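Novice: Here's the letter readout for the chains.
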Amino acid sequence: MHIHQSAKIGSDTKIGEYTIIEDGVIIGDHVEIGHYCMIKKDTVIGSDVKIGDLTILGKSPNSNKKMARKPKGTLPPLEIGNNVIIGSHAILYRGSIVNDGVLIADQVSMREQINIGTHTILGRQVMVEPNTSIGSYVTIQTGSYITADTTIEERVFIGPCCSMSNDKYMATGRGIHKGPTIKEQAKIGNNATLLPDIVIGKQSVVGAGAVVTRDVPDNMTVVGSPAREIKM
Amino acid sequence: MHIHQSAKIGSDTKIGEYTIIEDGVIIGDHVEIGHYCMIKKDTVIGSDVKIGDLTILGKSPNSNKKMARKPKGTLPPLEIGNNVIIGSHAILYRGSIVNDGVLIADQVSMREQINIGTHTILGRQVMVEPNTSIGSYVTIQTGSYITADTTIEERVFIGPCCSMSNDKYMATGRGIHKGPTIKEQAKIGNNATLLPDIVIGKQSVVGAGAVVTRDVPDNMTVVGSPAREIKM
Amino acid sequence: MHIHQSAKIGSDTKIGEYTIIEDGVIIGDHVEIGHYCMIKKDTVIGSDVKIGDLTILGKSPNSNKKMARKPKGTLPPLEIGNNVIIGSHAILYRGSIVNDGVLIADQVSMREQINIGTHTILGRQVMVEPNTSIGSYVTIQTGSYITADTTIEERVFIGPCCSMSNDKYMATGRGIHKGPTIKEQAKIGNNATLLPDIVIGKQSVVGAGAVVTRDVPDNMTVVGSPAREIKM
Chain A
1 MHIHQSAKIG
11 SDTKIGEYTI
21 IEDGVIIGDH
31 VEIGHYCMIK
41 KDTVIGSDVK
51 IGDLTILGKS
61 PNSNKKMARK
71 PKGTLPPLEI
81 GNNVIIGSHA
91 ILYRGSIVND
101 GVLIADQVSM
111 REQINIGTHT
121 ILGRQVMVEP
131 NTSIGSYVTI
141 QTGSYITADT
151 TIEERVFIGP
161 CCSMSNDKYM
171 ATGRGIHKGP
181 TIKEQAKIGN
191 NATLLPDIVI
201 GKQSVVGAGA
211 VVTRDVPDNM
221 TVVGSPAREI
231 KM
Chain B
1 MHIHQSAKIG
11 SDTKIGEYTI
21 IEDGVIIGDH
31 VEIGHYCMIK
41 KDTVIGSDVK
51 IGDLTILGKS
61 PNSNKKMARK
71 PKGTLPPLEI
81 GNNVIIGSHA
91 ILYRGSIVND
101 GVLIADQVSM
111 REQINIGTHT
121 ILGRQVMVEP
131 NTSIGSYVTI
141 QTGSYITADT
151 TIEERVFIGP
161 CCSMSNDKYM
171 ATGRGIHKGP
181 TIKEQAKIGN
191 NATLLPDIVI
201 GKQSVVGAGA
211 VVTRDVPDNM
221 TVVGSPAREI
231 KM
Chain C
1 MHIHQSAKIG
11 SDTKIGEYTI
21 IEDGVIIGDH
31 VEIGHYCMIK
41 KDTVIGSDVK
51 IGDLTILGKS
61 PNSNKKMARK
71 PKGTLPPLEI
81 GNNVIIGSHA
91 ILYRGSIVND
101 GVLIADQVSM
111 REQINIGTHT
121 ILGRQVMVEP
131 NTSIGSYVTI
141 QTGSYITADT
151 TIEERVFIGP
161 CCSMSNDKYM
171 ATGRGIHKGP
181 TIKEQAKIGN
191 NATLLPDIVI
201 GKQSVVGAGA
211 VVTRDVPDNM
221 TVVGSPAREI
231 KM
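Residue numbers (the working numbering), protein chains in the order written: chain A, 1 to 232; chain B, 1 to 232; chain C, 1 to 232.
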């Protein structure tokens, strides 16, 4: 266990074996951190938080010459609220905010500039790309992929293994990058495919395995490839 | 390496560096455990078992207020049979049974109350949800997702990246939770989508990318979205 | 930190805490290796390489009696070129070659006998199976699955969560194992499904969620399930 002397650790907080806590980290009270974790520079963790083994908090993004998106300037620290649970083998980057009561399961990968609303659940192996906003009381089930530049409103349900994209022209440099907008209480079935820059309306339902190629109005159910309305 | 004094370790067993073995663990003979592993409380491991690096065995489930399913009471220990191979970066929960001769590849995530039959293979990044039974000599290829409350019979083949779900009404609280039943020797093509509570018949074949919305009788081949019979 | 005495480490190279470097490893100059990494026997790493935390380089394959494919003889060491970036929680096997300027993101799983061309990007959680060739300046986005026996030519773009297979008869022992051939500058949309042994032509485009069941000629755009040509 290596704790940098500038880190501030609250009372009744337990830290696992071989865990590394870097300088400038602030941790609240009644926190449990597992074994072999890395809490990177400046990360802020609230109280009553539980973090599994082998998890990395506050990682800085890599980049190479070919990557379209490079973070500008220094990202702010990763901020974790109160009563948050984070699983094992997870990786959360700098520059994101995880609000109170969130559950992030094992093996989740969450990049920078993401805001996760209160009491939201990210299932195991969920991947979230940068510059994305996820509302409160959202459920994103195991293995789903949330692309960059996406907005997911309150109480949305996303089933397992869903996929999205944000680049209509697939790396040709044309157009803007924009992920889907999923409005409040919409439900997306497992393994559905969402194309870039579409809107899924309030309380709408997308069937399992559907391929959604254009906007879905509020309160509509769509299924199939390409997805079309069905009457329920 | 931290081995709790109450752990029982068989003869000719090798344990890697920085590995943590908790109290009540029982390990057989001729076992190889990698580096940075966590063998949690009470886990039982047979003989001639090989476990990769950075793997967690016997994890207890987390839960928060919003989760539908909370384990009741104390789960029994994780039990691993003889001649089992487990990869690196895998996570296996308490309360499951892995029978003799099983191969579990890297990065697999396997929850509680699961039974894996003899000589079955789970490919890399396979995710298995709770309360699921998988028969003997089954192959589940890389990246597939097995939902909760699922039955997979003997000698089933599931290709890579398949997806299932178990909740027809998607978290509205209506209906029961029930995953698919896949009967013996059925074959599911890659990236197929299976809806809740359907039956795939004996020796039936589901084509790659198919979306299966209703039961498939024995010995039938179905393809497409929604999946329909084709004559081979 | 355990460094075997036979390992050769270049100048200005930094190695993280609790990292294990086995015998016969050769590491160039100006390399940064994270915490809790395992650099297995004989691995060769160039100069100006950056490796994240909890990453395994040079793992040897496991096998059990049921697996069709067993590596023959001893695999050569894993070779990593210059200016390569590898993320955290990644696993790269022995017997593969990663050329200069490649970016391999977090949680990638890459087996043996794979060649990755210069300046190619593998996104997070990408899985690559054995005996596969990936050209230069290729992008494979987050969560995609590249099956065994696959050829991907230069400047191909593969969106997130794509899936492929290489066994038309799904483990019945009939036919040969052959993955897709994706020709130069082709683009594959997110969550597309490619069947075994098909050719995607030069500069062709496969739509998101498409299921490609037969060859696509050069410069053609296909969408749907099964995928058919559309005029753009």
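Careful: at least some of the hints might be erroneous.
Claimed, not checked - Example chain A residues on the side facing chain C (calculated, C-beta under 7 Å, incomplete):
id : residue
1  : I91
2  : M127
3  : N131
4  : S133
5  : Y137
6  : Y145
7  : S163
8  : A171
9  : V211
10 : N219
11 : T221
12 : I230
13 : M232
Unchecked claim - Straight-line C-alpha distance at most 27 Å; calculated BS3-like pairs for lysine-lysine:
id : chain 1 : residue 1 : chain 2 : residue 2
14 : C       : K202      : A       : K168
15 : A       : K183      : B       : K168
16 : B       : K202      : B       : K183
17 : C       : K41       : C       : K14
18 : B       : K41       : A       : K14
Please keep in mind that the hints were generated in silico from the structure rather than gathered at the bench.
Because the structure is a prediction, the values reported are computed rather than measured.
For each residue, glycine too, the CB sits at the ideal point set by N, CA and C.
Novice: Report the numbers of all earlier hints that the structure fails to satisfy, in ascending order.
Specialist: 3, 4, 5, 10, 11, 12, 13
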